[in-house]
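Residue numbers (our numbering), protein chains in the order written: chain E, 1 to 219; chain Y, 220 to 438.
Read the hints as simulated data drawn from the structure, not as lab findings. Predicted model, so just to flag it, every value in this text is computed and none were measured. A virtual CB, placed ideally from N, CA and C, is assigned to each residue, including glycine. Be careful, since some hints might not be right.
Computed far set for chain E versus chain Y, every beta-carbon distance over 12 Å [as the list claims (entries may be wrong)]:
#  : residue
1  : GLU10
2  : ARG35
3  : ALA55
4  : GLU78
5  : ALA90
6  : GLY98
7  : THR115
8  : PRO117
9  : ASP199
10 : ARG205
11 : GLY216
Pairwise CB distance ranges, derived in the manner of DEER restraints [as the list claims (entries may be wrong)]:
#  : chain 1 : residue 1 : chain 2 : residue 2 : range
12 : Y       : SER396    : E       : GLY86     : 26 to 36 Å
13 : E       : ASP39     : Y       : GLU229    : 23 to 33 Å
14 : Y       : ARG390    : E       : ARG11     : 41 to 51 Å
15 : Y       : PRO340    : E       : SER42     : 32 to 42 Å
16 : Y       : ALA232    : E       : GLU194    : 29 to 39 Å
17 : Y       : ARG230    : E       : GLY139    : 54 to 64 Å
18 : Y       : ARG283    : E       : GLY219    : 43 to 53 Å
Number of protein chains: 2
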Amino acid sequence: MTDVIWLRPERAATGRPAAHDRAEITAAAISVADRGGLDAVSMRSIAVELGTGAASLYRYVSSRDDLLDLMIDATAAECRLEPPTGDPVADLVAVAEGLHEVMMRHPWLPELAVTRPALGPGGIAVLDHVLAVLADHPGDATAKLEVFALLNALVATFARNELAAADQSRRAVAYLSHVAAGGERPRISALFDELSTADPDPRERRATALAALLSGLLG
Amino acid sequence: MTDVIWLRPERAATGRPAAHDRAEITAAAISVADRGGLDAVSMRSIAVELGTGAASLYRYVSSRDDLLDLMIDATAAECRLEPPTGDPVADLVAVAEGLHEVMMRHPWLPELAVTRPALGPGGIAVLDHVLAVLADHPGDATAKLEVFALLNALVATFARNELAAADQSRRAVAYLSHVAAGGERPRISALFDELSTADPDPRERRATALAALLSGLLG
DNA sequence: GGAGTTCGCGAACGCTGTTCTCGAACTATA
DNA sequence: TATAGTTCGAGAACAGCGTTCGCGAACTCC
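Build out the structure end to end from the sequences listed, making use of the hints.
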């Protein structure tokens with residue numbers, strides 16, 4: 001019995017047949033998270049969503065963390081993967097765009113993906129695609145794995161900034177505005193004055209920034 | 220009474236004097252986290268560390284999340300900030316190196332900093348420094364704030380990769396090695412074969428990658 | 001039909017963040 | 001020096017959490 005969930009057999013061949021499976025439980029957890037955020041994802045709430053008891057879930061999953069890993073990997077599997085065009089930077093930006101879409105569909109995902117980088121079948125598919133994009137590119141295995149990790153982190157960062165802006169998180173800027181009004185730290189004051197208008201086209205801004213970052217990284 | 224902690228007055232002028240202050244409580248929380256990780260940071264464990272009752276902490280902090288914000292900002296204040304040299308990329312890499320040092324000193328910080336970007340006095344100081352570095356650089360306020368956010372995210376990503384490698388996290392690569400051994404997905408197999416040797420100099424690898432990323436971003 | 005195995009899940013445990021409450025400790029005023 | 005007003009410390013309690021135990025029910029295989 002390995003400690004990583006994707007290597008454990010899903011169902012027993014004998015005995016009483018199971019009423020659910022991992023995919024169904026994962027879907028229920030994602031549904032709960034979509035509706036109430038990550039904090040709403042408790043074993044009991046998922047059990048209610050499925051109409052079973054909380055203890056029953058442990059027949060399919062050995063801990064709540066396992067379930068979070070399944071959620072992450074399930075969303076990775078949602079990511080659209082177009083065939084490579086030959087332009088590594090453009091192809092990676094396309095992957096990033098796909099990941100971004102998934103993250104906007106599941107607002108809890110950026111926070112989760114950045115705290116526990118789980119690699120299941122879905123994540124492996126994305127990694128494999130990135131490797132295909134980088135096939136003709138120089139760089140050792142560590143560098144390519146680094147590109148993959150950075151791609152995820154960058155997309156999550158952009159997604160979180162966008163979500164925070166939409167979610168009118170005054171909390172984040174409350175102290176910033178206080179410092180800006182204070183008058184010391186003139187650079188902060190100038191920054192804050194300029195910050196009034198909302199971003200007209202976050203998508204293009206994100207794409208150009210990502211392309212710039214990636215073309216720098218790939219040399 | 221604002222909902223951001225740095226705008227709330229610390230002590231009352233009248234009444235029974237407080238036995239502790241925010242800085243002391245923050246230091247206790249950081250000490251607990253350094254010793255036992257983020258999961259060990261509970262109100263009760265911090266109270267034990269201080270020799271008081273758990274309920275007493277709510278005289279200084281309105282929630283555990285407030286305390287986490289204080290921890291983040293306290294570590295930001297630990298960051299060394301050298302005067303700018305005129306080379307923006309080199310200066311930003313220097314900031315990143317400083318943040319990286321702090322994160323290696325507090326292994327729980329990358330995870331925390333990436334989930335809740337708290338901006339208190341310490342974080343403002345770092346932001347102000349980044350703005351000074353970028354003073355002569357074109358780009359609007361949003362772009363410069365973006366550079367700051369990305370810098371934090373990138374450093375946290377590098378730090379977490381390094382900590383995961385040191386902490387022999389077989390869990391992360393367990394399924395990867397299984398897929399590699401499976402034979403399907405030849406690119407994964409090739410990647411895994413090449414991945415055997417450990418990185419000789421992570422510091423230089425990190426610095427060059429960061430410089431490449433940032434010089435790409437800054438144009 | 002019996003043996004063997006797995007599943008569902010109510011009940012319980014220990015832990016968590018947080019609130020209530022009230023006596024104690026202090027300052028300011030008279 | 002007495003009193004009023006305010007804040008602090010913290011024990012007790014509450015709701016909710018992840019997780020484990022144990023047992024009756026449900027199923028497969030021989």
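Evaluated hints:
1. GLU10: Check passes; 14 Å lies beyond 12 Å.
2. ARG35: With a cut-off of 12 Å, ARG35 (chain E) remains clear of chain Y, as the shortest Cβ separation is near 20 Å.
3. ALA55: 23 Å, holds
4. GLU78: Non-interface label stands for GLU78 (chain E): nearest chain Y Cβ at 19 Å, farther than 12 Å.
5. ALA90: 14 Å, holds
6. GLY98: 19 Å, holds
7. THR115: Incorrect as stated: the minimum Cβ-Cβ distance to chain Y is 5 Å, not above 12 Å.
8. PRO117: 7 Å, violated
9. ASP199: 6 Å, violated
10. ARG205: At roughly 8 Å from the nearest Cβ of chain Y, ARG205 (chain E) sits no farther out than 12 Å, so the non-interface label is violated.
11. GLY216: The assertion about GLY216 (chain E) is violated, with a minimum of 2 Å to chain Y.
12. Y:SER396 <-> E:GLY86: 26 to 36 Å: 31 Å, holds
13. E:ASP39 <-> Y:GLU229: 23 to 33 Å: Once the Cβ atoms are compared, 29 Å apart, the range 23 to 33 Å for GLU229 (chain Y) and ASP39 (chain E) holds.
14. Y:ARG390 <-> E:ARG11: 41 to 51 Å: For ARG11 (chain E) against ARG390 (chain Y), whose Cβ atoms are near 23 Å apart, the range 41 to 51 Å is violated.
15. Y:PRO340 <-> E:SER42: 32 to 42 Å: For PRO340 (chain Y) and SER42 (chain E) the Cβ distance comes to about 35 Å; the hint holds.
16. Y:ALA232 <-> E:GLU194: 29 to 39 Å: 38 Å, holds
17. Y:ARG230 <-> E:GLY139: 54 to 64 Å: With Cβ atoms ~55 Å apart, the hint holds.
18. Y:ARG283 <-> E:GLY219: 43 to 53 Å: At 44 Å between Cβs, range holds.
The earlier numbered hints that this structure contradicts are 7, 8, 9, 10, 11, 14.
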